[in-house]
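Novice: Listed below, chain by chain, are the residues.
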Amino acid sequence: AQSVTQLDSHVSVSEGTPVLLRCNYSSSYSPSLFWYVQHPNKGLQLLLKYTSAATLVKGINGFEAEFKKSETSFHLTKPSAHMSDAAEYFCVVSEGGKLIFGQGTELSVKP
Amino acid sequence: ETGVTQSPTHLIKTRGQQVTLRCSSQSGHNTVSWYQQALGQGPQFIFQYYREEENGRGNFPPRFSGLQFPNYSSELNVNALELDDSALYLCASSFLQGAISEAFFGQGTRLTVV
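From first to last, the protein sequence lines stand for chains A and B.
Residue numbering for the first sequence follows my numbering, starting at -1 and increasing by one per position.
Residue numbering for the second sequence follows my numbering, starting at -3 and increasing by one per position.
Just so you know, these hints were derived from the structure itself, not from any lab.
Since the structure is predicted, the reported quantities are computational estimates derived from the model, not experimental observations.
Be aware that a few hints might be false.
To be verified - EDC-like mimics (lysine to aspartate or glutamate), calculated; alpha carbons at most 20 Å apart, straight line:
{"hint": "1", "chain 1": "A", "residue 1": "K96", "chain 2": "B", "residue 2": "E50"}
{"hint": "2", "chain 1": "A", "residue 1": "K47", "chain 2": "A", "residue 2": "E86"}
{"hint": "3", "chain 1": "A", "residue 1": "K108", "chain 2": "A", "residue 2": "E13"}
{"hint": "4", "chain 1": "A", "residue 1": "K40", "chain 2": "B", "residue 2": "E48"}
{"hint": "5", "chain 1": "A", "residue 1": "K96", "chain 2": "B", "residue 2": "E48"}
{"hint": "6", "chain 1": "A", "residue 1": "K40", "chain 2": "A", "residue 2": "E86"}
{"hint": "7", "chain 1": "A", "residue 1": "K66", "chain 2": "A", "residue 2": "D83"}
{"hint": "8", "chain 1": "B", "residue 1": "K9", "chain 2": "B", "residue 2": "D80"}
{"hint": "9", "chain 1": "A", "residue 1": "K47", "chain 2": "B", "residue 2": "E98"}
{"hint": "10", "chain 1": "A", "residue 1": "K56", "chain 2": "A", "residue 2": "E86"}
{"hint": "11", "chain 1": "A", "residue 1": "K40", "chain 2": "A", "residue 2": "E104"}
{"hint": "12", "chain 1": "A", "residue 1": "K47", "chain 2": "A", "residue 2": "E93"}
{"hint": "13", "chain 1": "B", "residue 1": "K9", "chain 2": "B", "residue 2": "E71"}
{"hint": "14", "chain 1": "A", "residue 1": "K108", "chain 2": "A", "residue 2": "D83"}
{"hint": "15", "chain 1": "A", "residue 1": "K108", "chain 2": "A", "residue 2": "E86"}
{"hint": "16", "chain 1": "A", "residue 1": "K47", "chain 2": "A", "residue 2": "E64"}
{"hint": "17", "chain 1": "A", "residue 1": "K47", "chain 2": "A", "residue 2": "E13"}
{"hint": "18", "chain 1": "A", "residue 1": "K96", "chain 2": "B", "residue 2": "E98"}
{"hint": "19", "chain 1": "A", "residue 1": "K40", "chain 2": "A", "residue 2": "D83"}
{"hint": "20", "chain 1": "B", "residue 1": "K9", "chain 2": "B", "residue 2": "E78"}
{"hint": "21", "chain 1": "A", "residue 1": "K56", "chain 2": "B", "residue 2": "D80"}
{"hint": "22", "chain 1": "A", "residue 1": "K96", "chain 2": "B", "residue 2": "E71"}
{"hint": "23", "chain 1": "A", "residue 1": "K66", "chain 2": "A", "residue 2": "D6"}
{"hint": "24", "chain 1": "A", "residue 1": "K96", "chain 2": "B", "residue 2": "E49"}
Stated by the list, open to error - Quick look at which bits of chain B chain A covers, simulated, 3 or more residues with Cβ under 8 Å:
{"hint": "25", "segment": "50 to 63"}
{"hint": "26", "segment": "102 to 108"}
As the list claims (entries may be wrong) - Derived list of chain A stretches under chain B, where covered just means 3 residues or more per stretch with a C-beta under 8 Å from a C-beta of chain B:
{"hint": "27", "segment": "9 to 19"}
{"hint": "28", "segment": "73 to 84"}
Ideal placement from N, C-alpha and C gives every residue a C-beta, glycine not left out.
Kindly produce the complete structure, drawing on both the sequences and the hints.
Specialist: Okay, structure coming up:
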């Protein structure tokens, strides 16, 4: 069975500084990986997806993630955090059409 | 906006009652999945429907059941509600054809069981 592990339950950054949210995956074959964001009292929004076309994936709102098979990682980054980035972020792997979510990382952005 | 709408947005039920949650999929999508998100947790897969047939089920008891209609809208039914069923229930629609496709989520229904 596939799984994802988000290494930090909470990350706090200052506005304008880089963001790094870490995710490791476990899969016996080439996985399909996603990052979703959930703002308070809102549904889930897709930030980006990896489906083996390119290892560096660019998403919305300046986010990107790099698939590293040797490290079984799919970390999410952004060069400069905005206050509006404060939210819960989920690393997700797809297995047979169903999505398997990590536990989530809460991102706080300080002024 | 994802084009996926869920109703109601909030619901309070008493333990032992039954509840029906509804989801209207995005136009053109043939697959709907339901997820349960407990407070402070990631969403957990309940089941998926593809062209009106159940197409996979997570680790949830049979009192969780569903339907998908010809217009691809969907219902989630939960019988004999328990306190632990209190959660945000999310519906996701997608177009499933071979390779993995993107899932679009609704805003969710917040169910409170008292």
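Novice: Taking the hints in turn, state whether each one holds.
Specialist: Hint check results:
For a cut-off of 20 Å, the pair hint linking K96/A to E50/B stands: about 12 Å separates their Cα positions. Between K47/A and E86/A, the direct Cα distance comes to roughly 17 Å. Compliance with the 20 Å bound is thereby established for this hinted pair. Straight-line distance between C-alpha atoms of K108/A and E13/A comes to about 6 Å, which keeps the hinted pair within the 20 Å bound. Annotation: proposed proximity of K40/A to E48/B is violated, straight-line Cα distance about 27 Å (limit 20 Å).
Annotation: proposed proximity of K96/A to E48/B holds, straight-line Cα distance about 16 Å (limit 20 Å). Taking the CA atoms of K40/A and E86/A, the gap is near 10 Å; set against the 20 Å cutoff, the hint holds. Distance restraint check for K66/A and D83/A: the Cα-Cα separation of roughly 24 Å exceeds the 20 Å cut-off, and the hinted pair is therefore not satisfied. Of the supplied pair hints, the one linking K9/B and D80/B holds, its CA atoms being roughly 12 Å apart against a limit of 20 Å.
Restraint check for K47/A and E98/B: the C-alpha separation of about 8 Å stays at or below 20 Å, so the hint holds. Between K56/A and E86/A the CA atoms are separated by roughly 19 Å; this keeps the pair inside 20 Å, and the hint holds. With a C-alpha separation of about 14 Å, the suggested pairing of K40/A with E104/A holds against the 20 Å cut-off. As the CA atoms of K47/A and E93/A are separated by approximately 14 Å, the hinted pair is consistent with the 20 Å bound.
Under the criterion of a C-alpha separation no larger than 20 Å, the hint pairing K9/B with E71/B is consistent with the structure, at around 17 Å. Taking the CA atoms of K108/A and D83/A, the gap is near 11 Å; set against the 20 Å cutoff, the hint holds. Proposed proximity of K108/A and E86/A is supported: the alpha carbons are some 15 Å apart, at most 20 Å. Using a Cα cut-off of 20 Å, the hinted pair K47/A and E64/A holds, with the two alpha carbons roughly 10 Å apart.
Under the criterion of a C-alpha separation no larger than 20 Å, the hint pairing K47/A with E13/A is inconsistent with the structure, at around 25 Å. Distance hint between K96/A and E98/B is fulfilled; the C-alpha atoms sit about 11 Å from each other, no more than 20 Å. For the proposed pair K40/A and D83/A, the alpha carbon gap of about 14 Å is at most 20 Å, so the pair holds. Only pairs whose Cα atoms come within 20 Å are accepted, and K9/B paired with E78/B is accepted, the gap being roughly 10 Å.
For the hint linking K56/A to D80/B, the alpha-carbon distance of about 38 Å lies beyond 20 Å, and the restraint is violated. Our distance criterion of 20 Å between C-alpha atoms is met by K96/A and E71/B, whose separation comes to about 18 Å. Between K66/A and D6/A, the direct Cα distance comes to roughly 18 Å. Compliance with the 20 Å bound is thereby established for this hinted pair. Note on K96/A and E49/B: the hinted pairing holds, with a Cα-Cα distance of about 15 Å set against a maximum of 20 Å.
A count of 3 residues in the segment 50 to 63 of chain B with a Cβ less than 8 Å from any Cβ of chain A is obtained; the coverage claim is therefore met, three being the minimum. Against chain A, the segment 102 to 108 of chain B contributes 3 residues with a C-beta closer than 8 Å to a partner C-beta. That satisfies the three-residue criterion, and the hint holds. Only residues whose C-beta sits within less than 8 Å of a C-beta in chain B count toward coverage, and the segment 9 to 19 of chain A has 0 of them, not enough to reach three; the restraint is violated. Only residues whose C-beta sits within less than 8 Å of a C-beta in chain B count toward coverage, and the segment 73 to 84 of chain A has 0 of them, not enough to reach three; the restraint is violated.
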